[in-house]
Structure formats: C-alpha cells, structure tokens
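From just these sequences and the hints, can you work out the full model?
In this note's numbering, each residue's number is its place in the sequence shown (first place is 1) plus 201.
Please keep in mind that the hints were generated in silico from the structure rather than gathered at the bench. Some hints could be false.
Derived pair list, reagent style BS3-like, types lysine-lysine, alpha-carbon separation capped at 30 angstroms [to be verified]:
#1 Lys357 <-> Lys381
#2 Lys203 <-> Lys354
#3 Lys273 <-> Lys427
#4 Lys203 <-> Lys404
#5 Lys466 <-> Lys494
#6 Lys427 <-> Lys486
#7 Lys204 <-> Lys521
#8 Lys451 <-> Lys203
#9 Lys431 <-> Lys521
#10 Lys486 <-> Lys203
#11 Lys354 <-> Lys466
#12 Lys203 <-> Lys372
#13 Lys486 <-> Lys451
#14 Lys360 <-> Lys431
#15 Lys204 <-> Lys354
#16 Lys357 <-> Lys273
#17 Lys427 <-> Lys381
#18 Lys451 <-> Lys466
#19 Lys204 <-> Lys427
#20 Lys451 <-> Lys381
#21 Lys486 <-> Lys380
#22 Lys380 <-> Lys431
#23 Lys283 <-> Lys357
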Amino acid sequence: MKKVLLIGEPLIRITPTNYQELTDGVESRVFFGGSEINVACNLQGFGCETKLLTALPQDSLGDRFLDFLDGKGIDTSSVQRKGERVGVYYMEAGFGCRSSQVYYDRGQSSLEAIQVDHFDMEQLFLEVGLVHFSGITVAIGSAVRAWLVQVLKEAKRRKIPISMDLNWRSKMIGLRDAKKVFSQFATYADYCFGLEPIMANEKDWELFERDTATVHTIRERMQTLKEAYKFQAIFHTIRQTDELGRNLYKAYGLADEFCCSQELKTQVLQRVGSGDAFVAGALYKLLEGTSLKAILDFAVASGTYKCSIEGDHMRQSLRKVESLLEGKNDIIR
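Below, the structure written as structure tokens:
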C-alpha cells in the first residue's frame with residue numbers, strides 16, 4: 202500500500218477539565234491535532250504509511266509538535282519550518298443541555314507562510330498513492346489556497362487520486378464564501394466526504410437539510426454532486442443520539458452503486474476527531490480496493506471506536522477496529 206499525503210494545519214486544542222467553562226485559573230488539558238493530522242495518526246495505526254505537508258514555527262513549541270508527529274511514525278520530510286505560530290483552539294466540552302463551545306485563535310499560523318517555490322515535487326510525491334485535504338485547510342485563507350492549488354494540480358498531473366473532506370467550520374468562513382471556494386477545490390477531488398458546502402448548480406446557495414433528509418433525498422443529493430464534480434465516490438455520515446445518550450453511527454456511500462453501512466452504537470467519551478477517524482477508515486479501505494460496503498462498515502467502526510478514546514485522534518490496530526463489526530467488546534483475557 203502506497204503512502205497517503207495529507208495537507209493541513211497543525212492545531213493545539215485546549216479544553217478545561219470536568220466540563221468546566223474557560224475562565225481564570227481553570228485546570229485545562231492540551232491536545233495536539235488538526236484534521237489531517239488526526240487522519241494521519243489513524244492511518245498509521247492501521248499500518249498505512251503517511252506523509253504530512255505542513256509548516257511549524259522554528260521554536261520550542263514547533264520542535265515539540267514535530268517530535269509528536271515523528272513519534273506517530275508520520276513522514277515529516279515535507280514539514281517546513283516557517284512562520285510565527287501554531288494555531289490554537291479552545292473547546293469547552295458541553296454537558297447535558299449545555300452545548301460545546303469552540304473559540305479559534307489560528308490567524309497567521311505557520312501554514313500561511315508556506316511558499317510553493319520551495320517545494321521539491323519529486324520528493325513530495327515520492328511513493329504517494331493518494332492525497333488528502335479538508336475544507337478546514339481551504340478556509341484558512343487565500344495565501345494557503347494559492348499554494349494548495351499548485352500542489353493539487355501537480356497531483357492531478359501525476360494521476361494521483363485526491364480526497365477532500367468538506368469539513369465546514371462556520372466560524373472560519375461564511376456559507377456563501379464556503380460554497381464558492383469549496384466548490385472550486387472539489388473539482389480536483391476524486392473522493393468527497395460530505396454533502397456541503399459545495400454547489401450542485403449555480404443557484405445552490407442554501408444548505409442541504411440533512412437533519413430532515415430522507416434516504417431518497419440523500420441519495421439524490423449524492424448522485425447530483427457525483428455527476429457535477431465527477432467524483433469516483435462520495436460519502437455521507439449520519440450520527441444521532443438515542444434516549445440513553447449513546448451515539449448511533451452509520452454512513453451512506455455512492456460509487457457505481459448506492460450503499461448503506463451497518464449502524465453501530467456506543468457511549469461517547471469524546472466525539473472530537475471521530476469524523477477524521479471515519480475518513481481514515483474509508484481511505485484505508487479505498488487503498489485496499491475493497492467493496493463499497495466494506496469501506497463504509499470499516500469507516501463507521503473507526504469513527505465509532507474513536508468516540509471511546511480521549512484526545513483528537515487515535516492510533517488503533519485494524520484488529521481492534523474490526524472487532525466492533527464482529528460485536529466483540531467483552532473482556533479479552
């Protein structure tokens with residue numbers, strides 16, 4: 202299996218302990234991550250080699266983040282040491298009727314300092330079989346979009362498949378701008394995760410009503426987007442909470458056929474990064490060349506397993522994730 206090249210921003214999450222709100226003197230925990238980095242960590246656990254294109258500042262914090270990436274086994278040969286800072290976000294974990302809150306502090310992070318003329322394209326794409334990026338990376342700003350386009354064009358020239366997780370963050374980019382910009386980048390993608398915010402046609406400025414959608418309307422939306430952007434496959438997740446507070450997780454996929462995964466349920470320790478775990482599971486099985494049903498089932502199992510693990514990512518073996526599909530959650534003696 203060839204390497205996956207991931208393009209994205211290193212990010213530090215700071216979360217108060219015990220579901221507290223962020224205020225003076227509150228005890229907090231720090232987690233290293235970022236969407237594409239989370240995907241890379243998950244893939245490494247499955248045995249798939251990864252490479253990261255990003256930037257870190259030339260300071261002690263940048264050194265520690267680089268050590269973290271190296272410790273996960275991620276190829277960091279394309280990590281540039283540029284810029285002034287690592288992006289940060291603060292998350293207050295919700296409890297009961299109180300929703301989680303996120304506050305971003307990621308302006309002018311090192312990713313914006315990357316220069317395309319410093320790339321060694323031969324080295325960057327060496328042994329790479331797939332490129333993955335997210336809408337979060339696209340939303341960072343025009344400086345990032347300028348060099349990202351060049352990398353994606355080079356991947357296309359080399360006939361390397363490209364995957365995009367739409368991953369819209371409304372606090373980073375408004376809906377109308379996201380519709381325009383994400384749609385431009387979706388034209389480079391062979392595989393798409395999500396149904397929004399990209400345009401099915403020139404009048405498609407509203408969000409798809411996923412909360413009230415039926416299987417029929419979901420399939421219709423997926424088919425329209427697949428044809429409009431010539432995706433090889435498109436994926437959509439459904440996550441709900443039952444009366445006992447358990448997370449219900451399933452997904453739909455459309456390639457040559459339309460398919461639904463099995464549904465898995467679990468109590469949630471931490472939901473952060475479960476979408477990235479789903480993407481990692483799907484990418485692994487795509488590279489393996491398995492059926493659409495097998496791709497969806499494993500991806501859902503991966504996303505579900507992450508809900509049981511604290512932090513922004515996980516590094517679990519194939520065997521552990523596959524055990525969820527076999528219903529094996531007893532004590533292993």
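Against the structure, the hints come out as follows:
About 21 angstroms separates the Cα atoms of lysine 357 and lysine 381, which keeps this hinted pair within 30 angstroms; it holds. For the suggested pair lysine 203 and lysine 354, the alpha carbons sit about 20 angstroms apart, so the restraint of at most 30 angstroms is met. For the hint pairing lysine 273 with lysine 427, the CA-to-CA distance comes to about 34 angstroms; that exceeds 30 angstroms, so the pair is violated. For the suggested pair lysine 203 and lysine 404, the alpha carbons sit about 40 angstroms apart, so the restraint of at most 30 angstroms is broken.
For a cut-off of 30 angstroms, the pair hint linking lysine 466 to lysine 494 stands: about 18 angstroms separates their Cα positions. Under the criterion of a C-alpha separation no larger than 30 angstroms, the hint pairing lysine 427 with lysine 486 is consistent with the structure, at around 20 angstroms. The suggested pairing of lysine 204 with lysine 521 holds, with an alpha-carbon distance near 22 angstroms, which does not exceed 30 angstroms. For the proposed pair lysine 451 and lysine 203, the alpha carbon gap of about 28 angstroms is at most 30 angstroms, so the pair holds.
Between lysine 431 and lysine 521 the alpha-carbon distance is near 34 angstroms, which puts this suggested pair outside the 30 angstroms criterion. Of the pairs offered as hints, the one joining lysine 486 and lysine 203 holds, with about 12 angstroms between alpha carbons and a cut-off of 30 angstroms not exceeded. Simply put, lysine 354 and lysine 466 have alpha-carbon atoms about 40 angstroms apart, too far for the 30 angstroms limit, and the pair is violated. For the given pair, lysine 203 sits about 35 angstroms from lysine 372 by alpha-carbon distance, which is inconsistent with the 30 angstroms threshold.
For the given pair, lysine 486 sits about 16 angstroms from lysine 451 by alpha-carbon distance, which is consistent with the 30 angstroms threshold. For the hint linking lysine 360 to lysine 431, the alpha-carbon distance of about 15 angstroms falls within 30 angstroms, and the restraint holds. For the hint pairing lysine 204 with lysine 354, the CA-to-CA distance comes to about 18 angstroms; that is within 30 angstroms, so the pair holds. Distance hint between lysine 357 and lysine 273 is fulfilled; the C-alpha atoms sit about 28 angstroms from each other, no more than 30 angstroms.
Note on lysine 427 and lysine 381: the hinted pairing holds, with a Cα-Cα distance of about 17 angstroms set against a maximum of 30 angstroms. Taking the CA atoms of lysine 451 and lysine 466, the gap is near 9 angstroms; set against the 30 angstroms cutoff, the hint holds. The straight-line distance between the Cα atoms of lysine 204 and lysine 427 is roughly 25 angstroms, inside the 30 angstroms bound, and the hint therefore holds. Note on lysine 451 and lysine 381: the hinted pairing holds, with a Cα-Cα distance of about 29 angstroms set against a maximum of 30 angstroms.
Of the pairs offered as hints, the one joining lysine 486 and lysine 380 holds, with about 29 angstroms between alpha carbons and a cut-off of 30 angstroms not exceeded. For the hint linking lysine 380 to lysine 431, the alpha-carbon distance of about 17 angstroms falls within 30 angstroms, and the restraint holds. Between lysine 283 and lysine 357 the CA atoms are separated by roughly 26 angstroms; this keeps the pair inside 30 angstroms, and the hint holds.
Checked against the numbered hints given earlier, this structure breaks hints 3, 4, 9, 11 and 12; the rest are met.
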